[in-house]
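*Asks:* Starting from the known structure of chain A, fit chain B onto it as the hints suggest.
So the protein sequences, as listed, match chains A and B.
Each residue of the first sequence is one higher than the one before, counting from 82 in my numbering.
Each residue of the second sequence is one higher than the one before, counting from 4 in my numbering.
Any given hint might turn out to be false.
[Stated by the list, open to error] With a straight-line Cα cutoff of 30 Å, these simulated DSSO-like cross-link-like pairs (lysine-lysine) come out:
(1) B/K184 to B/K8
(2) B/K118 to A/K227
(3) A/K313 to A/K227
(4) A/K313 to B/K145
(5) B/K8 to A/K227
(6) A/K161 to B/K249
(7) B/K145 to A/K161
(8) A/K260 to B/K249
(9) A/K260 to B/K83
(10) A/K260 to B/K112
Everything labelled a hint here was simulated from the structure, so no lab data went into it.
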Amino acid sequence: MIEGIFVEGLIYGIMVLGVFISFRILDFPDLTVDGSFPLGAALMAQGIMMGMNLWLALLIAFAGGVLAGVVTSLIHNHLKVPNLLAGILTMTMLYSVNIRVLGNRANVPLLNQETILSRVTERLTGIIPDEYILLAFFAVVTLVIKLLLDLFFRTDLGLTIGAMGNNEQMVISQGVNPKTLKSIGLGLSNGLVALSGAFAAQYLGFADVGLGQGIIISGLASVMIGEFLVMKSNRIGVLTLCALLGSICFYAVMYVGRYYGYVINMTPNDLNLIKGILIIVLLVLTQSRKLRKFALKAVVKND
Amino acid sequence: MIELKNVSMIFNPGTVNENRAISDISLKVREGDFITVIGSNGAGKSTLFNLIAGTITPTSGSILLNGRDVTRDPEYKRAKYIGRIFQNPLLGTASNMTLEDNMMITYRKGFKWLKRSLNHRMREFFRSELVKLRMGLEDRMKENLALFSGGQRQALTLLMMVLSRPDLILLDEHTAALDPKNAEIVLELTNRFIEEYRLTAMMITHNMSHAIEYGNRLLMMDKGEIIFEAQGEEKKALTVEKLIDKFHQIRHKSFENDRTLLSDD
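With the rest of the complex left out, here is chain A (with noise of 0.2 Å):
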């Protein structure tokens, strides 16, 4: 029961990593999320459908995620589209796409496939409690894709792409074209959103067309929980884990209103209510400690 507070926040937390490239890194607000995390799924339940080889089937549904980034990059750098927009339009693209990848049907039952997850089950039982198989796999998976982002960042293109969020003229005036930056930093934003929806549908058993509604939502909120858990760093690994916990807190949050919250008369379709109003919570929160830091500072100067 527990582990699956935390496993949801482990799957999800791969799609928060991207959100938190996106948003926090490019300064690009990319809503091309609540498509590519139900292609991953699609692309996904497809393969595995198909008899794939499930680790290849899992590299397509990134490739996949890959170009729908790109794609966005592209609308918003050539068609002069602003960035929201050009996120929306790939976004109801999508859609359609999606359903044609699930073989014009919303949704495919996984049940009784073999997935990569009743694998790693079938390999692991034995070695640790069963309880705890999915929450060790995605606790290693999810650690590993935040270790290596971490190196990524730190590599010289990393850096140069962490001061276009920054700073575009200072990108422009080093001779980088900053459209390239901005589709290679979507395209590894949408690949990790599209993985986690790879995940996710094993998870869940069936990948849905409607797996990405709101998801954004979901995403920024944990990376904004996540920033106001801990201090303020210019540490890559610190924000990356700080992005992590903000998932883990946030789908645990949201587990635990979707099994308790009858308990206050709840229902699950409640919960995107509660979630924007989870993200308004936290914005102002943010505000006013920005202020009152404003406010201490200047008596600090005063005196």
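*Replies:* For chain B alone, kept in the frame of chain A given last:
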């Protein structure tokens, strides 16, 4: 080096807002030149820099860089050869990143790959370069640039640009947003670096005495034209009064309105 051939820039051509910002300018910048550019607001100084840097494409004429036509090259491609510092000290550095990361990004021009170049040797090198600024920044390499003052950031931008060895540097009133003391420090650094590394530079300034004191050539602009140029001995003999007289002679109008902008303090 860089050459402008009959370059004109007209904004909103054919409309009521038509604005001839640069009309038919030809200019040859030789290697090792340090050119100061003066002129009142709207004279076209910044437009000239934007044309050279590639931020905008001229309406007519061509721009040659080391003999190659770069008229239609985008800004990021030309940036490999041209370094530029803006009036706003925030434009040259990334606030949310550490000093050493900033230096690593600007150390080499062009596309960056998946290599990790920031290592102990690099840090030592950056440290030894930062000492040249004499601001004590070498001990703050792990701090975010948001914590640095405008003067420090502009000095850093200058150092980082020099390290990437551009063929030409454009200084767009780069000391105008700083307080007088910091402006003086940054200007001294600029002059030192230009001499030390034998850089080719163009500098826009509103300060006529600076324009006379620094560099080997002086351009005076008005209404999109270069109306007066002095170099060598002629430039050395200039004074602020002579410059204002010169403007009066050429344009047959008083400099009075521009006195405040072309201050000589």
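*Asks:* Could you run down the list of hints and mark each one as holding or not?
*Replies:* These are the hints, each one checked on the structure:
no.: 1; hint: B/K184 to B/K8; verdict: violated, 39 Å
no.: 2; hint: B/K118 to A/K227; verdict: holds, 18 Å
no.: 3; hint: A/K313 to A/K227; verdict: holds, 18 Å
no.: 4; hint: A/K313 to B/K145; verdict: holds, 14 Å
no.: 5; hint: B/K8 to A/K227; verdict: violated, 53 Å
no.: 6; hint: A/K161 to B/K249; verdict: violated, 46 Å
no.: 7; hint: B/K145 to A/K161; verdict: violated, 37 Å
no.: 8; hint: A/K260 to B/K249; verdict: violated, 47 Å
no.: 9; hint: A/K260 to B/K83; verdict: holds, 16 Å
no.: 10; hint: A/K260 to B/K112; verdict: holds, 16 Å
Checked against the numbered hints above, the structure violates hints 1, 5, 6, 7 and 8; every other hint is satisfied.
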